[in-house]
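*Asks:* The numbers in my numbering rise by one with no breaks, and the one at position 22 of the sequence shown is 724.
You may find that some hints are simply not true.
[Stated by the list, open to error] Pairwise CB distance ranges (calculated):
#1 H913 with P783: 33 to 43 Å
#2 K868 with D752: 53 to 63 Å
#3 L786 with Y871: 52 to 62 Å
#4 P858 with D922: 23 to 33 Å
#5 K781 with M747: 42 to 52 Å
Just so you know, these hints were derived from the structure itself, not from any lab.
Note that the Cβ used here is the ideal one computed from N, Cα and C, for glycine as well.
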Amino acid sequence: MTYEEVDPHQIISNRGCFHTTRGRRLINRMGKQKKTKKFATMKRMISLKDSRLKEKDQSKKTVKKKEDPSEMKEKEVPKYPSCLFFQYNTQLGPPYHILVDTNFINFSIKGKLDVVQSMMDCLYAKCIPCITDCVLAELEKLGMKYRVALRIAKDPRFERLPCSHKGTYADDCLVQRVLQHKCYIVATVDRDLKRRLRKIPGVPIMYISNHRYNIERMPDDYGAPRT
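Using the sequences provided together with the hints, build the complete structure.
*Replies:* Here's what the structure looks like:
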């Protein structure tokens, strides 16, 4: 019987066919299965006891130091300003200085709200809206469509605050000012900026709801609507 006449499946099914020279030749003629490449396989690390390593490398072993319970551990405690009494900010008081964001002016125009008068109606006290250079630069970049908001921002009743940082991103500027000085209220409608400001203790947030100004995180908000 020649190799061509033999059924390869019959030979593979028989016991001991792999150990005979005839069975090996037949399997070689049939061909081997291609092995698929294994992806994301980790390379094995040589152990320190391996004979291929030198004596110097074998002696290098990571020795963990045992922690002494008697030693004092140094911990960094975040510093909080002295003006905070728990969550109450003692530096806030009339006249209130309010940092105004870009979108706050735009939404005030849409709601037909006077910025200064609505602030005084909310807090029942004198309010000084403050606008930074980066907020003014953002309004200038928006073009002619927001020229009314730019005209309101240049009102003489608004206090101008110069910026020394690079760029015109207002959110980072407002957060840095609030961290340095705790005497400001931030007026914004931006959700991301609100989320960042809520993590800072003692900073009230003014926003627009139901066609009027509202304020959160402030105990003396007499004119703010109760929710």
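*Asks:* All the hints need checking, so say for each whether the structure fits it.
*Replies:* Hints, one by one, checked against the model:
no., hint, in the structure
1, H913 with P783: 33 to 43 Å, "35 Å, holds"
2, K868 with D752: 53 to 63 Å, "54 Å, holds"
3, L786 with Y871: 52 to 62 Å, "27 Å, violated"
4, P858 with D922: 23 to 33 Å, "27 Å, holds"
5, K781 with M747: 42 to 52 Å, "44 Å, holds"
Hint 3 alone, counting from the list given before, is not met by this structure.
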